[in-house]
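When you get a sec, could you build the whole thing from the sequences and use the hints?
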Amino acid sequence: MVENHKQGTMEKRAITQVQPEEKQSTLSLTMIWVGGVISAPALMVGAILMGGLSLQMTLLITLLAFGVQVAIMSLNGIEASDTGYPLTVILGKTFGNTGSRYILAGLITLTQGLQAAVQIGVCGGAFVAALGAFGIPFPMWLSMILWGGIMVLTAVYGFTWMTVLNYVAVPFLVVVCVYGTIKSVGMYGGFSAVLAYEPAQQMDFVSALAIMIGIFACGTIVCTDLTRYAKDRKATVISSVLGILPAMLLIVAMGAIMSVGAGTTDLTELFVKLNMPIIGVLALLLATWTTNTTNFYQSGLAFTRFCGAKDGKRPLLTAIIGVIATVLAVLGALDFFVPMLNAFSVMIPPIAGIMMADYWIIGKGKKENWGIIPGFNFAGIGAWIAGMAVGFFVNVFSPAFNSIVVGMIVYLILNAALKNVTPAARNPEEFIGE
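Just so you know, the UniProt record's numbering puts 203 at position 203 of the sequence shown, and the rest follows in order with no gaps.
I should point out that these hints are in silico values taken from the structure, not numbers from a laboratory.
The beta-carbon is built from N, C-alpha and C at its ideal position, and this holds for glycine as well.
Any given hint might turn out to be false.
Claimed, not checked - Simulated restraints, written as ranges between beta carbons of each label pair:
no.: 1; residue 1: 427; residue 2: 336; range: 37 to 45 Å
no.: 2; residue 1: 263; residue 2: 19; range: 48 to 56 Å
no.: 3; residue 1: 134; residue 2: 323; range: 25 to 33 Å
no.: 4; residue 1: 131; residue 2: 189; range: 30 to 38 Å
no.: 5; residue 1: 369; residue 2: 133; range: 51 to 59 Å
no.: 6; residue 1: 323; residue 2: 405; range: 35 to 43 Å
no.: 7; residue 1: 134; residue 2: 307; range: 25 to 33 Å
no.: 8; residue 1: 172; residue 2: 309; range: 52 to 60 Å
no.: 9; residue 1: 369; residue 2: 307; range: 48 to 56 Å
This is the structure we're talking about:
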């Protein structure tokens with residue numbers, strides 16, 4: 001980091017433009033994606049899909065769904081690597097400065113922050129289970145405070161610490177899951193038996209594909225907070241493809257095979273049945289840590305934009321989000337927010353389509369055609385509302401994918417219709433400069 005954006009190893013770059021000397025290696029970005037993908041939810045998805053599909057069909061659906069998502073993620077990620085700005089600043093073009101700051105930044109702060117709060121509970125439970133295997137009692141509330149603090153601290157220090165964490169965590173997670181998979185294959189009677197496995201009740205192909213597409217839909221836009229550090233477009237695409245597709249196929253396959261071998265979709269019970277309770281639970285803990293650090297980091301960036309704060313306030317604002325999320329987890333208030341998180345999962349995907357339409361079709365993929373529009377851009381807001389309406393009320397195929405397509409099409413139409421009344425885009429530093 002350049003001098004005025006570094007304090008020790010703490011990243012202080014938040015919403016201003018990433019400079020060329022601050023760009024990171026392709027490997028660093030790839031490892032962060034791998035660390036985010038190798039997670040408890042991904043293992044669980046593999047286990048759940050295997051309950052209604054064969055292994056071959058589970059992997060085919062994973063490849064198709066995440067192939068689409070990685071393509072969208074790469075296109076939106078390139079916009080961030082081209083411009084050097086995070087998501088909530090990039091959206092200043094499609095939603096206007098006021099719309100992106102107060103509406104979108106607020107939404108992303110809540111979404112990522114609440115997801116982080118949920119994962120604190122998962123991580124806290126895994127730690128209690130690990131100690132319980134040694135006969136050591138540990139209060140759940142204290143475990144959540146401990147791990148909430150550790151996760152927030154990692155996010156507060158930013159990109160560098162996130163990279164180091166994933167360099168350490170990813171190899172361990174892969175080894176544990178590979179070992180568990182090998183044991184599962186042996187318990188089930190060999191790999192040929194796993195390949196021949198057919199569930200008692202078949203899941204519909206289209207329904208399964210829709211579920212998989214929806215899982216990572218939010219990632220198609222929040223990825224920009226990290227790809228702004230990519231050196232160029234090639235690095236963005238390579239890190240996205242290599243960091244997401246192989247890791248997701250691997251972790252889904254492992255979750256699927258281990259669930260068949262152990263006969264359960266409960267992850268803690270799964271590792272116990274595989275006679276690896278301590279190592280398995282530690283793997284879950286570490287997987288949650290890597291994923292949740294990214295949630296806190298992205299929530300902190302969005303909150304910085306929402307508050308109109310300078311870059312140097314990002315660590316403090318990230319810490320504030322962390323404290324609130326941890327308190328919610330400890331108080332057991334998260335069940336109240338589950339419907340809200342479900343709603344957010346429908347509200348965010350249309351933004352991906354709007355971003356692609358604006359940068360690649362209207363802006364022809366040139367960063368000089370991008371800027372921030374003062375006030376509101378009603379073309380973006382109208383397209384967002386249309387996309388959300390489809391996501392909420394049209395229950396055909398994948399609501400997330402449908403809303404992305406509708407958001408893109410409606411934005412192109414409204415942008416042309418409102419062209420003469422929409423203010424011209426201006427230099428972003430007029431709005432978020434230091």
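To see whether the hints hold, each was checked on the structure:
1. Distance hint check for residue 427 and residue 336: the Cβ-Cβ separation is about 42 Å, which falls inside the suggested range of 37 to 45 Å.
2. One distance hint, 48 to 56 Å for the beta-carbon pair residue 263 and residue 19, holds here, with the actual separation near 53 Å.
3. Separated by about 30 Å at the C-beta atoms, residue 134 and residue 323 satisfy the suggested range of 25 to 33 Å.
4. Between residue 131 and residue 189 the beta carbons are some 34 Å apart, a value that agrees with the proposed interval 30 to 38 Å.
5. Restraint check, residue 369 to residue 133: a C-beta distance of roughly 57 Å satisfies the suggested window 51 to 59 Å.
6. Between residue 323 and residue 405, the C-beta spacing of about 39 Å keeps the proposed range 35 to 43 Å intact.
7. Checked against the given bound of 25 to 33 Å, the beta carbons of residue 134 and residue 307, roughly 44 Å apart, lie outside it.
8. Between residue 172 and residue 309 the beta carbons are some 36 Å apart, a value that contradicts the proposed interval 52 to 60 Å.
9. Under the hint 48 to 56 Å, the C-beta atoms of residue 369 and residue 307, about 29 Å apart, miss the expected range.
This entry does not satisfy hints 7, 8, 9, going by the numbered hints stated previously.
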